[in-house]
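Trainee: Listed here are the chains, written in short residue letters.
Number of protein chains: 2
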Amino acid sequence: MKATIIVKPKKGVLDPQGNAIKKVAENYFGVIFGEIRSGKYFEVEIEHENAKNIIEQLASKILSNEIIEDYEIIYESRNS
Amino acid sequence: MKATIIVKPKKGVLDPQGNAIKKVAENYFGVIFGEIRSGKYFEVEIEHENAKNIIEQLASKILSNEIIEDYEIIYESRNS
Chain A
1 MKATIIVKPK KGVLDPQGNA IKKVAENYFG VIFGEIRSGK YFEVEIEHEN
51 AKNIIEQLAS KILSNEIIED YEIIYESRNS
Chain B
1 MKATIIVKPK KGVLDPQGNA IKKVAENYFG VIFGEIRSGK YFEVEIEHEN
51 AKNIIEQLAS KILSNEIIED YEIIYESRNS
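Heads up: the protein sequence lines correspond to chains A and B, in order. In terms of the UniProt record's numbering, the first sequence has 59 at position 59, counting the first letter as 1, and numbering is strictly consecutive. In terms of the UniProt record's numbering, the second sequence has 31 at position 31, counting the first letter as 1, and numbering is strictly consecutive.
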């Protein structure tokens with residue numbers, strides 16, 4: 001099973017990296033951006049009868065910090 | 001316009017962070033994972049007549065390094 005995991009700051013949590021990119025981009029392009037939010041992206045492959053449960057725990061316990069981050073998992077069930 | 005930009009290492013480029021996560025996860029869960037690849041995730045908002053072009057340049061020139069990384073842009077045209 002393949003899955004994509006996206007981890008991003010919860011709404012309302014400061015995102016210094018996103019803000020820094022916004023400033024750089026505004027200077028570079030000479031335009032005003034709305035919000036820029038930054039996060040992390042992971043592609044995971046695992047063959048296991050319990051794969052969904054393991055991926056869920058990987059996202060919640062290892063790849064994200066539940067106090068300040070949300071995660072989203074997109075499963076691809078095709079065995080490519 | 002809103003867009004999501006995903007930046008990840010090109011195929012064949014070493015991904016030390018992904019490999020480190022794979023080792024940690026294998027120890028933690030006691031199972032073998034396939035490949036784990038890590039990347040970056042950005043959400044961008046901009047209202048501009050040339051928005052798509054600016055987002056394309058933001059992705060290619062500021063958020064990614066074309067020598068070692070690929071990027072993907074997903075546009076959301078709804079003005080929410």
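Watch out, some of these pointers could steer you wrong.
Unchecked claim - Within a straight-line C-alpha distance of at most 27 Å, the following computed DSS-like cross-link-like pairs (lysine-lysine) qualify: (1) B:Lys-2 x A:Lys-23; (2) B:Lys-61 x A:Lys-23; (3) A:Lys-40 x B:Lys-40; (4) B:Lys-61 x A:Lys-22; (5) A:Lys-23 x A:Lys-61; (6) B:Lys-22 x A:Lys-40; (7) A:Lys-23 x A:Lys-10; (8) B:Lys-11 x A:Lys-40; (9) B:Lys-23 x A:Lys-23; (10) A:Lys-10 x B:Lys-11; (11) B:Lys-40 x B:Lys-23; (12) A:Lys-52 x B:Lys-11; (13) B:Lys-22 x A:Lys-23; (14) B:Lys-11 x A:Lys-23; (15) A:Lys-11 x B:Lys-52; (16) A:Lys-22 x B:Lys-23; (17) A:Lys-2 x B:Lys-52; (18) A:Lys-11 x B:Lys-23; (19) A:Lys-11 x A:Lys-61; (20) A:Lys-40 x B:Lys-61; (21) B:Lys-10 x B:Lys-22; (22) A:Lys-10 x A:Lys-61; (23) A:Lys-22 x B:Lys-10; (24) A:Lys-2 x B:Lys-23; (25) A:Lys-22 x B:Lys-40; (26) B:Lys-23 x A:Lys-61; (27) A:Lys-11 x A:Lys-52; (28) B:Lys-52 x A:Lys-52; (29) A:Lys-2 x B:Lys-11.
Stated by the list, open to error - Take a look, some chain B residues computed to stay more than 12 Å from chain A by CB distance: (30) Ser-38; (31) Gly-39; (32) Ile-67.
Stated by the list, open to error - Sample of chain A residues at the chain B side, in silico, Cβ under 8 Å: (33) Val-24; (34) Lys-40; (35) Ile-67; (36) Tyr-71.
Bear in mind the hints are in silico, worked out from the structure with no lab data behind them. Keep in mind the model is a prediction, meaning the values are calculated, not measured. The C-beta atom is built at its ideal place from N, Cα and C for all residues, glycine as well.
Trainee: Which of the listed hints are broken here?
Mentor: 5, 9, 10, 13, 14, 16, 17, 18, 28, 30, 31, 35, 36
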